[in-house]
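Undergrad: Could you build all of it, start to finish, from the sequences and the hints given here?
Quick mapping for you: the protein sequence lines, in order, are chains L and D. Residue numbers 100 to 768, in our numbering, belong to the letters of the first sequence in order. Residue numbers 100 to 768, in our numbering, belong to the letters of the second sequence in order.
Some hints here could point you the wrong way.
The list cannot tell twin chains apart, which means a pair is met if one copy fits it or any two copies do.
Dumping the calculated DSSO-like pairs for lysine-lysine here, alpha-carbon to alpha-carbon at most 30 angstroms [what the hints assert, rightly or not]:
1) 369 with 125
2) 177 with 646
3) 118 with 166
4) 404 with 537
5) 369 with 710
6) 359 with 369
7) 177 with 166
8) 591 with 710
9) 537 with 289
10) 537 with 315
11) 130 with 549
12) 177 with 314
13) 166 with 562
Simulated from the structure, these hints should not be mistaken for lab results.
There are 2 protein chains.
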Amino acid sequence: MANTVLSAKRFLDSHQPGKWDISYTKLNLQKPVPSDIVISRSCVPKPIDCLAREVGLMSDEVELYGKTKAKVQLDIIKRLQAQPDGKYVVVTGITPTPLGEGKSTTTIGLVQALGAHMKLNVFACVRQPSQGPTFGIKGGAAGGGYSQVIPMEEFNLHLTGDIHAITAANNLVAAAIDARMFHEATQSDKALYNRLVPLSGGQRQFSAIQINRLKKLGIEKTDPTTLTEEEITRFARLDIDPESVTWQRVLDTNDRFLRKITIGQSPTEKGYTREAQFDITVASEIMAVLALTSSLEDMRLRLAKMVVATSRSGEPITTEDLGVSGALAVLMRDAIKPNLMQTLEGTPVFVHAGPFANIAHGNSSILADKIALKLVGPEGFVVTEAGFGADIGMEKFFNIKCRYSGLRPHVVVLVATVRALKMHGGGPTVTAGMPLPKEYVEENLPLLEKGCSNMRKQIENAKHFGVPVVVAVNAFKTDTEAELDLICNMAKTAGAFDAVRCSHWAEGGAGAVALGQAVQRASEAPSNFKFLYDLPIVDKIRIIAQKIYGADDIELVFFFFFFFLCVCVCVCVVIVKPVFWDLLSNKIIGFSNLPICMAKTHLSLSHEADKKGVPTGFILPIRDIRASVGAGFLFPLVGTMPTIPGLPTRPCFYDIDLDPETEQVNGLF
Amino acid sequence: MANTVLSAKRFLDSHQPGKWDISYTKLNLQKPVPSDIVISRSCVPKPIDCLAREVGLMSDEVELYGKTKAKVQLDIIKRLQAQPDGKYVVVTGITPTPLGEGKSTTTIGLVQALGAHMKLNVFACVRQPSQGPTFGIKGGAAGGGYSQVIPMEEFNLHLTGDIHAITAANNLVAAAIDARMFHEATQSDKALYNRLVPLSGGQRQFSAIQINRLKKLGIEKTDPTTLTEEEITRFARLDIDPESVTWQRVLDTNDRFLRKITIGQSPTEKGYTREAQFDITVASEIMAVLALTSSLEDMRLRLAKMVVATSRSGEPITTEDLGVSGALAVLMRDAIKPNLMQTLEGTPVFVHAGPFANIAHGNSSILADKIALKLVGPEGFVVTEAGFGADIGMEKFFNIKCRYSGLRPHVVVLVATVRALKMHGGGPTVTAGMPLPKEYVEENLPLLEKGCSNMRKQIENAKHFGVPVVVAVNAFKTDTEAELDLICNMAKTAGAFDAVRCSHWAEGGAGAVALGQAVQRASEAPSNFKFLYDLPIVDKIRIIAQKIYGADDIELVFFFFFFFLCVCVCVCVVIVKPVFWDLLSNKIIGFSNLPICMAKTHLSLSHEADKKGVPTGFILPIRDIRASVGAGFLFPLVGTMPTIPGLPTRPCFYDIDLDPETEQVNGLF
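TA: If you want it as structure tokens, here you go:
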């Protein structure tokens, strides 16, 4: 320990924050480009403690997890408090298609360019992939070609256990809810109280969490023997309405048969069955808390105010009421620290928080971005990735993440490809494994031009926020010069600051230098950041629907379980009436200030996944609305969408295997 | 990397395996003994890389996980191949009572004595605790008082993610089973085949795992276009009988409402509902595979042959048939490496595999024991812990673990306490939080003498295996001299090699030196190890029931889903008839050689938890029998026993919290 402290001191003396002494890893480019895993393995990663030193981290700020991953302690924020932030770039895309646009690949290619080629301090901040899709349809998410996070198997599997910690924490809450309802249903008030505040050494004592509950109930007592019978009842009986439970169990597995289940059917549960469901772990509110929190203390507070249900009299029931909030903080103690990894060219990457910008907010963590912005210093760049298309991930990045972080982005990079735009233009559907229709491999300018409408709309969406947009045209070998030119021209006409073709997939950072330069120029352009909304609830939803998705209006088709009010309002409205909304908004206490996290398909600007391009003339249906009070957003569900994916007939796992001799992972891509 | 290799070489030159240069941590003993967490925090752990070096591990054999935990690579087994093994000691106990006997504490106290005080090379091999009980009733499992694994919060929470990896792997299998049944039910043979062997670049290709399935079906083809229609049907259609699925989902949470559930109730699953259940993760067959495997290659094979169901025609369906076996090996790639931690006095500990010797086999891993035995060298000691009482954990240690490892233990340490034996003698029940009845805090020799029957029986049980038994009497401050003497005398009369009182809880290793010396002497005594059985199936179960539990006989009260035979036999027999069993045994192919892993309550020698002491005159009911073919044992279920615990009215989590300032975990014990 003495050694560590000594080395930290020596380091501080010799080292200025923001001045990096970093070595880059040289790529040995092959043609044709080998498979992702072959490239990933051909590069030896720098020992992660070396990289940590190179980017200005002190040895006692870093916890190694094997030789290629490390967690970074939050103390560093204090140490670098006075350091000005670097430039903040968010990478987003056009509406995704089955053809893949290469958003992660572009994020990594861009940082390889800015770092290894333009010699700027740069960090990529990306999200930890969910293991559901890794073994299901999508495969891994480490980038591709010569623009990857390595080692990709470490990146794609377990990482340092953050998602597992969320699963454990989330399901402890779920178990606590059902166990509590069961114990309350089968015990008298007195028995409940005696068990909740048990004798220990002949005395009863409240735990700190129980004193918080007493305070919430307005009972200013700390001696368990002094409670009146009425106070005992109020304290001991949460009286959860089983119908009101909004907290779901989670797994990081594509297990579609858990989408709707009946629980409690064992005779030991004495007939207290109810319907429930599992979601994918990354959709848990705890994941959103992790992504949006600013410190350990803030996380502890957010984890305590998560609302899980309402009582029969309409009171919101929180994790603090269940007594489980402290345990959640303990389970999340390590997960809050961002994970350090590296790109193929040896530039640093933070991997933190999770994906699924359709059913979650799907952005990497505020903490990772903040630490990275300090580490790169004022001339450096932090490139962070927002999930799916700009209507989903970027909109949430601005309206939710930037709102909570206070950070203001300098540039939006919007990734587009010729093929995907052709599909938006009405190109034929693509069947996995079948040769691509000729529309996608031969020049077709009219189709491309038509599809550019989607790009134009997404540029507009970014411009709503007042931030300059650079379009990255991720080139494929079958794209023609005329096609690439067309996209660039149309992007500029639509108001992009610049539009640049890039070839980082085939060439690594060298293929994204032009993009890097455009981003650098854009970061110096005037940025006039503003939020899209700052309005009562219905208008927030409508404004997103109209301005971002291009809807005519929104409609409500749902039962609204309103667990914030003292009454449970069941509403079934077809067209929203402003009068109704005004009434509702006025009643909502502590609700109207929360931003909106739409749960909407990522495959279309509208709520219908098969509507490509820029759908018009549609009304956006809102099926339900949930509140993530700990995370700090409202969660309208648009249309019907499963919150846990399924496995296809032939999941990715068929190809995945371990070589017991070399210990190599095969088949991950 | 170059540095690592160099240091490893230098290390090899200067270092002889088995010769340790280890520094011990001095305890600063306080009276009265502070709480476990206060003691744990008062000791600064050695940096784990230092400890690794001290016990002869090379730097490239160790993967650090933070500063206090590390994983040890399996390569070391090859490096130390020629090194003779150390002495092998297993710690077990009398039948557990709510009073706690201190088995983990004794394991840790003993290694602290052998190491820090007797200056012998010594390793403790213990199991990773399940987070279910950590947040439920039991609390942590790091030992107690001045005999603990530190830091206890790292030990009790997540560790390096092994149990999380098992949860992920287990549930991927479960999702694959239900998804496969669904896809088969909703697609034609041709469509199934086309999806299972999809076109890629215009061609179809089998994955390696699919070729294994073809071989199993006797189809010696590798070109997907050459299969006949009949072969396509046989290959593509597993035709799983939903009623036959034995594979359950798991969580490492005490969630009783998942004991019996109905899944598939979402409209997306088109009515294919079925009953299912969740077990606690540590009861997963994959945990048993982890504990019993001998290498990465062996693990890969075991993970492939796990049987999850039978087809409608009675064929066993394995994880390999599902195509998921390789992915399982990949998910378990890091979990197979034992985790290095340390005791309060700085001696090394391997933490690997899981508890629950009642519903699982509940022993630490063979790999950890094997590596430790090489590291300590021929004069050193490895002390491994078996779960619950000697009738459960120790019986499984001998009959299952030693059978697969080939290792032969030198000494059994049986832990007993005055209080627990008094309870076995018929002492009054104890209510949590209430003062202990006077029987337990005042001298009561007749009650103690009566209760010693349980200890006598457990000594006999150990002696069935031909290994010398040392009884460790874990002393409490209220125990009298006469009581402690009585136990020691009765233990020796019952055939123990020695019986020693110890006070390691209050004094650390210094309080267990007498025990250490007795163990050292016993390890030099002649040991005559033999298995309890090597017989056809029914006799194995009966011999355990009669010889270990003291039952008169066994009876079958169950529906026997026999997924190894080509027919599904439903048997409802009351008293076992040898003729029936002989018939059955003859039909069982590849079944009769497997050892038995009884699922029985740990709270009594019988199947009834409230029967203390040595129950007699009972017939042991066998409710069901399952086969863990990957792990390699048969799994008879004795009586009714939940395979996932529940949360009490006031779970441990009420006391657990994180101090956001100091980052300390409070309330874990």
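Undergrad: Determine for every hint whether it applies to the structure shown.
TA: Verification of the supplied hints:
no. : hint         : in the structure
1   : 369 with 125 : neither (65 angstroms within a copy, 53 angstroms between copies)
2   : 177 with 646 : neither (39 angstroms within a copy, 65 angstroms between copies)
3   : 118 with 166 : both (24 angstroms within a copy, 27 angstroms between copies)
4   : 404 with 537 : neither (55 angstroms within a copy, 45 angstroms between copies)
5   : 369 with 710 : between (48 angstroms within a copy, 25 angstroms between copies)
6   : 359 with 369 : both (21 angstroms within a copy, 12 angstroms between copies)
7   : 177 with 166 : both (27 angstroms within a copy, 22 angstroms between copies)
8   : 591 with 710 : within (25 angstroms within a copy, 82 angstroms between copies)
9   : 537 with 289 : between (75 angstroms within a copy, 27 angstroms between copies)
10  : 537 with 315 : neither (66 angstroms within a copy, 41 angstroms between copies)
11  : 130 with 549 : neither (33 angstroms within a copy, 82 angstroms between copies)
12  : 177 with 314 : neither (32 angstroms within a copy, 61 angstroms between copies)
13  : 166 with 562 : neither (42 angstroms within a copy, 46 angstroms between copies)
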